[in-house]
Amino acid sequence: MQDTAAIIETSGLRRTFKGKSKGRGRSDPAEVEAVAGVDLRVAAGEIFGFLGPNGAGKTTTLRVLATLLRPTSGTARVAGFDVARQAGEVRRRIGYVAQAGGSYRECTGREELIIQGRLFGLGKAESGRRAQEILSSLDLADAADRTCSTYSGGMRRRLNIGIGIVHRPDLLFLDEPTTGLDPQARARMWDEIRKLRGSGTTVFLTTHYLEEADALCDRLAIIDHGRIVAEGSPDELKRQIAGDVLTVGVNGNGERVVKLLEGQPFVREACLEDGLVRLYVDRGEEAVPGVLRLLDRNGLAPSTMNLHRPSLDDVFLKKTGRSLRESAA
Amino acid sequence: MRTLFDTWLIFERSTTLTLRNPVWVFMGLAQPILYLLLFGPLLKNVASMPGFPPGGAFNVFVPGILVMTALFSSVFVGFGLCDELREGVVERMRVTPMSRVAMLLGRSLRDVVFLLVQALVLVVLSIPFGLSINPGGVAIAFALLALVGLVMSPLSYTLALVLGSEDALAPTVNAIALPLLLLSGVMLPMTLAPDWLQTLAHANPLYHAVVATRSLFNAGFGDPEIVIGVAVMGVLAALMVAVGARSFSRAAA
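Sequence order for the protein chains is A and B. Under the working numbering, think of the first position of the first sequence as 184, with each following residue one higher. Under the working numbering, think of the first position of the second sequence as 514, with each following residue one higher.
By construction, these hints were calculated from the structure, which means they are not laboratory data. Treat each hint with caution, since some may be false.
To be verified - Example chain B residues on the side facing chain A (calculated, C-beta under 10 Å, incomplete): (1) R515; (2) F518; (3) L530; (4) L556; (5) K557; (6) S561; (7) D596; (8) G601; (9) M606; (10) M611.
Said to hold, decoys possible - Stretches of chain A that chain B covers, calculated by requiring three or more beta carbons in the stretch to come under 8 Å of a beta carbon on chain B: (11) 275 to 283; (12) 296 to 308.
By construction, the Cβ of each residue, glycine as well, lies at the ideal position given by its N, Cα and C atoms.
Bound conformation, chain A alone:
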């Protein structure tokens, strides 16, 4: 990876906001640190995921990288240019699709694509051709001349991505590209994103879906409270948590069971999570009978038992002490 060129490189990137005090008091508004020192390197040609719960600083980081917000301190180079000092150069080379979308419901898909092309300096005819090309490749040709208000959720998302790639950017930012989509539309979106990578576009996306980060991203960074807590490919990250994960339902006796199991030689770590006892063990098949025996000896019976390989949520839990599923809810 050292050989590949970095398309995003940040160092000590921070962004703070003035806290909004609702009261009438003149008390100094607290500064909220949305991005608290992010060092990031994204290689050209990969799908890079930014995984974290709502409010972790994903969108703020993305908006700084896309020149919508100026960094409070630190530097970020995107597509070879400084986001603060050379915003114009950055904008020419990136595409950005916000969570809010970008297409206007009273415009047709074709109109939106054409004006976007023209804002990037394409001629009228050229912009029309490019719009048609995108409409066909995104399977929107039949809906091209209907207003966006008539599109389904998935179609509208595809159009928004189309608007983001009209000028063939080197790098495309996608903020929560599949939030709120049904599973079918989500799978479709994943295909489109992989196609973009296939055509040489680097994709930087944010998500709070573990499955999405796992299945779609070549590499990802886990962000929490404005800081990157882990970075690597999904496999690398999961490998940091060796062994298996065993979750046991114990009908409200969680704390007692955790205490009981903590000292056992076959348990590396035990904690209580969502009412379930969560055990990190070296070998699941050895741990299961041991746990059962111990519970039985203490007059307890498990209501559920589940053995699985570590997931990205386990990585998140390990790094932050919270479950992402919980934080995202």
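For chain A, the structure is supplied; the task is to place chain B on it using the hints.
Frame of chain A; chain B shown alone:
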């Protein structure tokens, strides 16, 4: 060049969107006609009251309605922008190399064109009611109305960008537009007002626009109020376009 071209693109887009909404177009044209038909007849008797300025009743009344039309036609345009903000349109365009001034100017020029069309309809329809016109005066008056639009439309967009939602925008715009209107002498000439109210009116830029427009419709080219009206609105328009363009480049929503 870039700014001019981008302004044209945004103007074209916003004009298309407005024309696509026939209800809006119809209401925009119906409004001045309603004033003409339902308020105009009251003037016959008022015009004979002491203190009413010289000139026919319609030559006093129509200029006021023109300025009011310019005000109402442009001060609410921010509502449409809230919609675009919510759907991420402004944000999407901010990540293109397009000119930030054009984001404002393309929209505001659309607003100016629409208010001038409304004004033209009003003037033409008023002639049978007894409005007398001279072409030079009307031309300058229309330039002045365009300036009123270039003050109010950027103001409305700026408020929309800062406040972000219709819920916050509606009371704010009303709080600004209503005193401006009442203190402008649009309905009845301020010469009928008590002294303290006249003093207050002088602090209202829109008052000067109304006085200047009345002068222009009564062939008083030598009236210094015309220069004052155009200068006041011109300076404010330049200021508001600058403020509006800045708001577009900083829009956070």
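So, going through the hints one by one against the coordinates:
no.	hint	in the structure
1	R515	holds (9 Å)
2	F518	holds (8 Å)
3	L530	holds (6 Å)
4	L556	violated (40 Å)
5	K557	violated (44 Å)
6	S561	violated (50 Å)
7	D596	holds (8 Å)
8	G601	holds (3 Å)
9	M606	holds (7 Å)
10	M611	holds (5 Å)
11	275 to 283	holds (count 8)
12	296 to 308	holds (count 6)
In terms of the numbered hints stated before, the structure departs from hints 4, 5 and 6, listed from lowest to highest.
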